[in-house]
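Q: Work out the full structure, taking the sequences as your base and the hints as a guide.
Counting from 1, position 69 in the sequence shown corresponds to residue 80 in the working numbering; the numbering is continuous, with no gaps.
No lab work stands behind these hints: they were computed from the structure. Do not rely on the hints blindly, as some may be mistaken.
[To be verified] Straight-line C-alpha distance at most 30 angstroms; calculated DSSO-like pairs for lysine-lysine: (1) Lys176 - Lys77; (2) Lys213 - Lys193; (3) Lys122 - Lys176; (4) Lys169 - Lys193; (5) Lys193 - Lys176; (6) Lys213 - Lys139; (7) Lys213 - Lys176; (8) Lys122 - Lys77; (9) Lys122 - Lys184; (10) Lys232 - Lys193; (11) Lys72 - Lys184; (12) Lys232 - Lys14; (13) Lys122 - Lys169; (14) Lys184 - Lys77.
Given the structure is predicted, the values throughout are model-derived calculations rather than measurements.
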Amino acid sequence: MLKNKIAAVEAQMRAKLEEARATFTHPGDKGTSVEDSFRMFLRQYLPRRLEVGHGEIVDRKGQRSKQTDVVIVSEEHPFSFTPDLPGLFFIDGVCAAGEVKTSLTSTELEKSLENSCQFKQLAIEPGKGTMVHSNPSDLDRFYKCPPYFLAGFESQLKLSTILEKIENFVRSKGFEVNEVNKILDAVFIIDQGWIINFGDGKGSFQFRTPMGESVEGWVWKDSDSVLFDLLGWLSAVMPRMFRFEPILPHYILQRK
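A: Right, dumping it as structure tokens:
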């Protein structure tokens, strides 16, 4: 039932895209409308303890992300943003982040990959007494820097081509194949399917062969329920921490 309901929402979002195309001539206005509808979808279906915004993200070392279309934060994140306007976010309270594209092109993919590299340089500092519950694979991968994804309503590129370009980008940066903490973790194209990096195959979210073997690394798959798949992925990989220290004082004291 939930899958069917989300499929109906997906159809509404496609209609929203067509409405934006008919209404706006400037690409930026179209993109803003699409991003708003995507964030609204996440607010509707993510747990109530989470909030969704957009803006820039910083860590305690002063490193900063690019402007980010989707920032999902926990209930412990300070009130430094509003749903409708860009805000400033602290990585310690971020559960996931990503970009949204109306129509993904090779150029936009390259920019998103570069942006993901900048985001992945941010580092969470849990603080004293922070409690986490995770397997070792996810703990090392998502609790140092949260998951980062790219979502597209449409794409001029096939899933196999997107994956090929990701692999070429990884090689051009000199990254090792198993360096999952350097680049985005997943791509979701609503009119096609998804591409996910399953890392060492031992995380909470796994892809198994018909023989029951967990697959490592990148996998792409056609899907007619991409938003449902996205929610499933987020629910599995977003870090969950129980903090006993507030986030904001560390940034205020450090600035002084």
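Q: Look at each hint and say if it fits the structure.
A: Hint check results:
no., hint, result
1, Lys176 - Lys77, "holds (21 angstroms)"
2, Lys213 - Lys193, "holds (18 angstroms)"
3, Lys122 - Lys176, "holds (12 angstroms)"
4, Lys169 - Lys193, "holds (23 angstroms)"
5, Lys193 - Lys176, "holds (16 angstroms)"
6, Lys213 - Lys139, "holds (28 angstroms)"
7, Lys213 - Lys176, "holds (25 angstroms)"
8, Lys122 - Lys77, "holds (10 angstroms)"
9, Lys122 - Lys184, "holds (14 angstroms)"
10, Lys232 - Lys193, "holds (23 angstroms)"
11, Lys72 - Lys184, "holds (23 angstroms)"
12, Lys232 - Lys14, "holds (17 angstroms)"
13, Lys122 - Lys169, "holds (18 angstroms)"
14, Lys184 - Lys77, "holds (19 angstroms)"
In the structure shown, no violation is registered for any of the earlier numbered hints.
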